[in-house]
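As they're listed, the protein sequences go chains A and B. Residue 179 is where the first sequence starts when you use our numbering, and the numbers rise one by one after that. Residue 85 is where the second sequence starts when you use our numbering, and the numbers rise one by one after that.
Any given hint might turn out to be false.
Computed beta-carbon distance windows for the label pairs [claimed, not checked]: (1) B:Ile259 / A:Gly901: 21 to 29 angstroms; (2) B:Ser242 / A:Met805: 34 to 42 angstroms; (3) A:Ala700 / B:Ser242: 54 to 62 angstroms; (4) A:Met805 / B:Trp225: 54 to 62 angstroms; (5) A:Met805 / B:Ile259: 21 to 29 angstroms; (6) A:Met805 / B:Ser167: 53 to 61 angstroms; (7) B:Met156 / A:Ala1143: 19 to 27 angstroms; (8) A:Val686 / B:Ile259: 26 to 34 angstroms; (9) A:Leu621 / B:Trp225: 53 to 61 angstroms; (10) A:Ala454 / B:Ile259: 24 to 32 angstroms; (11) A:Val1146 / B:Ser242: 46 to 54 angstroms; (12) A:Ala700 / B:Ile259: 17 to 25 angstroms; (13) B:Ser242 / A:Asp638: 46 to 54 angstroms; (14) A:Ile903 / B:Trp225: 56 to 64 angstroms.
Derived, one-sided and incomplete: chain B residues facing chain A with beta-carbon distance under 8 angstroms [claimed, not checked]: (15) Gly231; (16) Thr235; (17) His236; (18) Ala237; (19) Val241; (20) Leu244; (21) Ala245; (22) Ala247; (23) Ser254; (24) Thr258.
Here are the simulated SDA-like pairs of lysine to any residue, each with C-alpha atoms no more than 20 angstroms apart in a straight line [said to hold, decoys possible]: (25) A:Lys387 / A:Glu406; (26) A:Lys1059 / B:Leu232; (27) A:Lys873 / B:Ser243; (28) A:Lys1022 / B:Ser243; (29) A:Lys855 / B:Gly256; (30) A:Lys979 / B:Leu244.
Worth flagging that the hints you see were computed from the coordinates, not collected in a lab. Using N, Cα and C, we set each Cβ at its ideal position, and we do this for glycine too.
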Amino acid sequence: MAVRVCLGFLILLLHSNFSTALYEDQVGLADWHQKYIGKVKQAVFPTQRTGKKRVVVSTEENVIASLDLRTGDIFWRHVLGKDDHVDQIDIALGKYFITLSSEGSILRAWNLPDGQMMWESALYGSTPSKSLLFVPANTNLGKENRILVFSGGWLHAVSSIDGEIIWKKEFAIDRLEIKQVFQPLESDIIYAVGFVGSSQFSVYQLSSKSGEVLKHNTASFPSGFCGEVSLVSSDMLVALDATRSALISISFQSGIINFHQTYISDLLQDFSGMAALLPVKFTGMFAVKTVSGICLVRVKGVSELEVIEKFNHPASVSDVLTISGEQQAFAIVQHAETKIDFKVKLDKDLRNDVLKETVEMDPQRGHVQKVFINNYIRTDKSHGFRALIVMEDHSLLLVQQGEIVWSREDGLASIIDSTTSELPVEKEGVSVAKVEHNLFEWLKGHVLKLKGTLMLASPDEIAAIQAMRLKSSERNKMTRDHNGFRKLIIVLTRAGKLLALHTGDGRVIWSLLLPSLHRSEACGHPSALNIYQWQVPHHHAMHENPSVLVVGRCGPSHDALGVFSVVDSYTGKERNSLKLAHSIIQVIPLPLTDSTEKRLHLIIDANLQAHLYPRTRDSVNIFLHEMSNIYWHSINVGKGVIRGYSLRSGCNLDVVDEYCFNTKELWRIVFPSESEKIATTATRKMNEVVHTQAKVLADQDVMYKYISRNILFVATVAPKAAGEIGSVTPEEAWLVAYLIDTVTGRILHRVTHQGAQGPIRAVVSENWVVYHYFNLRAHRYEMSVIEIYDQSRADNKDVRKLVLGKHNLTSPVSSYSRPEVMVKSQSYFFTHSVKAMAVTATAKGITSLQLLIGTIGDQVLALDKRFLDPRRTATPTQAEKEEGIIPLTDSLPIIPQAYVTHALQVEGLRGIITIPAKLESTTLVFSYGVDIFFTRIAPSRTYDSLTEDFSYALLLITIVALVAAIFVTWILSEKKELREKWR
Amino acid sequence: MEKGKGLARRWAMEFAESPSSSSYDVPDPLGFDRSSQDLDDANGGRQKKDAEAAWKAQKAWEVAQAPFKNLMMMGFMMWMAGSTVHLFSIGITFSALWQPISALRSVGKIFEPYKDSRVDTLAPRLLFIALNLAGLALGVWKLNTLGLLPTHASDWVSSLAPAQEVEFSSGGITIH
Chain A
179 MAVRVCLGFL ILLLHSNFST ALYEDQVGLA DWHQKYIGKV KQAVFPTQRT
229 GKKRVVVSTE ENVIASLDLR TGDIFWRHVL GKDDHVDQID IALGKYFITL
279 SSEGSILRAW NLPDGQMMWE SALYGSTPSK SLLFVPANTN LGKENRILVF
329 SGGWLHAVSS IDGEIIWKKE FAIDRLEIKQ VFQPLESDII YAVGFVGSSQ
379 FSVYQLSSKS GEVLKHNTAS FPSGFCGEVS LVSSDMLVAL DATRSALISI
429 SFQSGIINFH QTYISDLLQD FSGMAALLPV KFTGMFAVKT VSGICLVRVK
479 GVSELEVIEK FNHPASVSDV LTISGEQQAF AIVQHAETKI DFKVKLDKDL
529 RNDVLKETVE MDPQRGHVQK VFINNYIRTD KSHGFRALIV MEDHSLLLVQ
579 QGEIVWSRED GLASIIDSTT SELPVEKEGV SVAKVEHNLF EWLKGHVLKL
629 KGTLMLASPD EIAAIQAMRL KSSERNKMTR DHNGFRKLII VLTRAGKLLA
679 LHTGDGRVIW SLLLPSLHRS EACGHPSALN IYQWQVPHHH AMHENPSVLV
729 VGRCGPSHDA LGVFSVVDSY TGKERNSLKL AHSIIQVIPL PLTDSTEKRL
779 HLIIDANLQA HLYPRTRDSV NIFLHEMSNI YWHSINVGKG VIRGYSLRSG
829 CNLDVVDEYC FNTKELWRIV FPSESEKIAT TATRKMNEVV HTQAKVLADQ
879 DVMYKYISRN ILFVATVAPK AAGEIGSVTP EEAWLVAYLI DTVTGRILHR
929 VTHQGAQGPI RAVVSENWVV YHYFNLRAHR YEMSVIEIYD QSRADNKDVR
979 KLVLGKHNLT SPVSSYSRPE VMVKSQSYFF THSVKAMAVT ATAKGITSLQ
1029 LLIGTIGDQV LALDKRFLDP RRTATPTQAE KEEGIIPLTD SLPIIPQAYV
1079 THALQVEGLR GIITIPAKLE STTLVFSYGV DIFFTRIAPS RTYDSLTEDF
1129 SYALLLITIV ALVAAIFVTW ILSEKKELRE KWR
Chain B
85 MEKGKGLARR WAMEFAESPS SSSYDVPDPL GFDRSSQDLD DANGGRQKKD
135 AEAAWKAQKA WEVAQAPFKN LMMMGFMMWM AGSTVHLFSI GITFSALWQP
185 ISALRSVGKI FEPYKDSRVD TLAPRLLFIA LNLAGLALGV WKLNTLGLLP
235 THASDWVSSL APAQEVEFSS GGITIH
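Can you build the whole structure from these sequences, using the hints too?
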């Protein structure tokens, strides 16, 4: 018995490969990690000596970072919370980087050299308002520097040394909206100017010591203001009137407010439409943006405005930069086809340019969006200028001396969707030998590896081995490999740019700023929505390159017209684009392809009509053949309704359109709005492969999985509990999980978790759902698993029938047959909150599954599905242990080695995507957020291949030695035998 | 050369000696009757043959019963090996299967020495075959207890692909 127990234990150990951890020297072999910051909103250049070579930026991804001006590398970076948007940034005392975030409610100071937070102040406001930050440029160090913050209707004076609020003053009276807060240099008076209502202008003068109001003046202007102002000098403002067609210069010198109206059409002859003031700070002038371009206007007096220069679109103007005392400079960047003109002007001499450079620009970067200017002293003591340019695709460039010094592809920080594409098949002309250089090199490499394995290598050699592994040309080739590790990941960014990343090292193979998603007359505010596989030549049409479909729409509302763009996956060229005549509320890729292997897609418009693409005769014929079996459903989260529809020919359109189909509502599930609110939904992945329908238990019994692509998981929470964790008591919170068949609308299973609250993350695969939520009673996060089995097949247990094939297990099933289902479920505690959840996918679905959990620490944790097996019991029997059932524990273990991202962090993690490799054991994992990370994992280890660092040289030498030994012993034995015979 | 010399010494023939040195020329010793011995030989031969046949029959039975001991030992070994699948139990089971099969294949050869016109080897043969079949059955039974025989439904459906679905449905939350 002891023997048996021992052996059983041994088997258990063999089965339980709990960790698939990496060794330190394997880091970076199969994975890569790229750090981004997102689209830069604001940038400031530290002027203090230590920080001269850096720039600090805040971005739309709520990142603040310090970048190296020479290389563009990140010195330090902080990703603030999801709702902690950075509103304003500045530098105080020359050493602190000040950020005002969360609509002006949090003020923080960061140490410039290392990014450590020095202090943080919470500013409480009463009414939401625009937040303003003013850091007086006081060079007098003896005087305490006070930061002025206007937010939430309050003006705060905050000490820049420790963040203490010195005084605060409320302004939230009479609909007053403060537009500017400033303190003239070397003055003790703070000015706060704003509008009361739409036509009254108000100026407050406050004491900087105590914050008490010294003077308050108001004046009204009958035609009203639109709200935009530009401060021209310490006693003058320029505002736009309510119609946005006239400029109003307001002077408020010594308490007397004067208005003067100037029509823009008097300044600019060809002006039409609306104008806007650019939020740039110039002295003595301002910038007006019109439909045709940007116009710089100098203010000579209240009634004297003079147009200095006009730049046609697209152009961008930088803020003003003070250089050497009184001199001020600013930059203008203008587009000229594939080039950009970078001009710097000094305020003393506005007619001429100090610097004029022309830089060649990649057309895939789009137009210039923002410019930040910085100066440096050249060797001849003159001023040189460099510009930090933010492009339309969110990339960041540094231009200096007519060249792009560096560029950052920061659009990759805002990936909204992704897909993959295979690489082209290796052509006959391209042989492996070309890559492997020659046999000698190859052998040398392997001998080095052998030395490494036998631990004979010196430190230098170990370094050489590591370098060789990392730059292994094999993994970066542009052809398909046998294992399917090399692919292209095609990502769509929020900027409407498509980028193809190589899975080998993450380099950008091609990029395309989609021309069809460019702003135009017909398409006002285009936005990219999703990306789909359009054509994947597999058997037919092999000469054609695969292509992807990008779906976008012209505007934020759901009835805006749609845009289609088909892009070649190999070349990155747009094959064709289409302006749709209908809106898009849903895109349904069908499991059907036409004769050229183009996937059929159904687009549902706002009128619930379905449009078939590609628009060919062929596809319609294929579709009509299958139409009676195609259904779709829509989930309305706001109303708490799920509706199921079928399709039928003919549309209620004026023109006959054979590609348009009508939909008919078949069923609907209405959740009671007073008790349930849809929190999350999940479905199975379209391309998931399941190996088998049977689950074999330890006692040779069979359970048949209920495997259906039409399964929908919906989790609803109590409307009261829809907010943050802890906002309700456990008695008021509940979570209801539903499994719904989307063909018939049948609720397969429903379970209520009392005292549970969102946020809920769920993943559906094969016949199970795993979801993560917060348990208010236990004050812990919980994960639940539901496995669903087909009870109607359970009696298929007659061996003779099965041997003879007399069973209906493989015959097509219909949801209308209403199979009986059986459900098993279990819940466990889990330590982390979860940002994203995914499941591994392999080519044939044989390999055991792992859950990939994006943790709150922005890491990806791999958790074996075996831990989430509802058949786990506290004391499993011997047979169950052999089957691999882990004894039940109340919480799921977190094994440090199971972090897929090992020591790295994917900041701002938003999504995890798994792609099956051709090798069954392996899954490719791509996770994105602000950073992107790619690796490949083998949930059951690479049982079907040798590891990459397998020493072929050792094998070869062993074989050679063995063969030699065989020959030697054979000869010896021959001789001996002969001698024996002669004795 | 040395080898050649040694070779020459290994064997030598005396060709000089006359070939007529046979014993026939030498008279038989006293009391030795060549003719009576021939007679005796015939008589004793029959007796000896009978004894040999009996011995052969006995041996044949012994051989036929030999697998029984084997069977017992196999049974003991199998009990020791347990019912979990591992190297030891698989080795024992396959040897338990292989032994009877190989014995059955060489049943003719095993009974070859005892083949005689007067000895009936059919019964021992049948016993031998029966015992070996019993051994085989034991092996198969063991195989079954190890779960290596496809006698359960699970063995036939474990790699059955999921059934195709007639309907297709897709959709989700409407794009905002």
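Status of each hint after checking the structure:
1. Taking 21 to 29 angstroms as the suggested C-beta distance range, the pair B:Ile259 and A:Gly901 conforms, at roughly 25 angstroms.
2. Against the hinted window of 34 to 42 angstroms, the Cβ-Cβ separation of B:Ser242 and A:Met805 comes to about 36 angstroms, which satisfies the hint.
3. The given range of 54 to 62 angstroms is respected by A:Ala700 and B:Ser242, whose C-beta atoms sit roughly 58 angstroms from each other.
4. Distance hint check for A:Met805 and B:Trp225: the Cβ-Cβ separation is about 57 angstroms, which falls inside the suggested range of 54 to 62 angstroms.
5. Distance hint for A:Met805 and B:Ile259: a CB-CB separation of about 23 angstroms, consistent with the stated range 21 to 29 angstroms.
6. Our hint of 53 to 61 angstroms for A:Met805 and B:Ser167 holds, since their Cβ atoms are close to 55 angstroms apart.
7. Judged by the Cβ atoms, the range 19 to 27 angstroms given for B:Met156 and A:Ala1143 is violated: they are separated by roughly 44 angstroms.
8. A C-beta distance of roughly 27 angstroms is found between A:Val686 and B:Ile259, which places it inside the suggested range of 26 to 34 angstroms.
9. One distance hint, 53 to 61 angstroms for the beta-carbon pair A:Leu621 and B:Trp225, holds here, with the actual separation near 56 angstroms.
10. Restraint check, A:Ala454 to B:Ile259: a C-beta distance of roughly 30 angstroms satisfies the suggested window 24 to 32 angstroms.
11. Between A:Val1146 and B:Ser242 the CB atoms are about 49 angstroms apart, so this pair conforms to the stated range of 46 to 54 angstroms.
12. For the hinted restraint 17 to 25 angstroms between A:Ala700 and B:Ile259, the CB-CB distance of approximately 20 angstroms keeps it satisfied.
13. As the Cβ distance of B:Ser242 to A:Asp638 is approximately 53 angstroms, the hint placing it in 46 to 54 angstroms holds.
14. Hint check: A:Ile903 to B:Trp225, Cβ distance near 60 angstroms, so the stated range 56 to 64 angstroms holds.
15. Evaluation of the B:Gly231 hint against chain A yields a held restraint, the C-beta minimum of about 7 angstroms falling below 8 angstroms.
16. The closest approach between the C-beta of B:Thr235 and any C-beta of chain A is roughly 6 angstroms, which is under the 8 angstroms cut-off, so the hint is satisfied.
17. Look at B:His236: its Cβ gets to within about 4 angstroms of chain A, closer than 8 angstroms, so that hint holds up.
18. At a threshold of 8 angstroms, the smallest CB-CB gap from B:Ala237 to chain A is about 4 angstroms, leaving the interface hint in force.
19. Among the interface hints, the one on B:Val241 holds; its C-beta lies about 4 angstroms from the nearest C-beta in chain A, closer than the 8 angstroms criterion.
20. Contact between B:Leu244 and chain A, as hinted, is supported at the beta carbon level, the nearest pair being about 6 angstroms apart and thus within 8 angstroms.
21. Taking 8 angstroms as the C-beta contact cut-off toward chain A, the hint placing B:Ala245 at the interface holds, the least distance being around 7 angstroms.
22. Hint status for B:Ala247 relative to chain A: holds, with the closest Cβ pair at about 5 angstroms, below 8 angstroms.
23. The beta carbon of B:Ser254 comes within 5 angstroms of a beta carbon in chain A, closer than 8 angstroms, and the hint placing it at the interface holds.
24. The beta carbon of B:Thr258 comes within 4 angstroms of a beta carbon in chain A, closer than 8 angstroms, and the hint placing it at the interface holds.
25. Annotation: proposed proximity of A:Lys387 to A:Glu406 is violated, straight-line Cα distance about 29 angstroms (limit 20 angstroms).
26. With a C-alpha separation of about 18 angstroms, the suggested pair A:Lys1059 and B:Leu232 falls inside the 20 angstroms cut-off, and the hint holds.
27. Pair hint A:Lys873 plus B:Ser243 holds up; C-alpha atoms about 9 angstroms apart against a cutoff of 20 angstroms.
28. In summary, the hint linking A:Lys1022 to B:Ser243 is supported, as the alpha carbons are separated by about 12 angstroms, within the 20 angstroms threshold.
29. Distance check on the hinted pair: A:Lys855 and B:Gly256 sit about 16 angstroms apart at the alpha-carbon level, within 20 angstroms; holds.
30. Pair hint A:Lys979 plus B:Leu244 holds up; C-alpha atoms about 14 angstroms apart against a cutoff of 20 angstroms.
Checked against the numbered hints given earlier, the structure breaks hints 7, 25 and satisfies all the rest.
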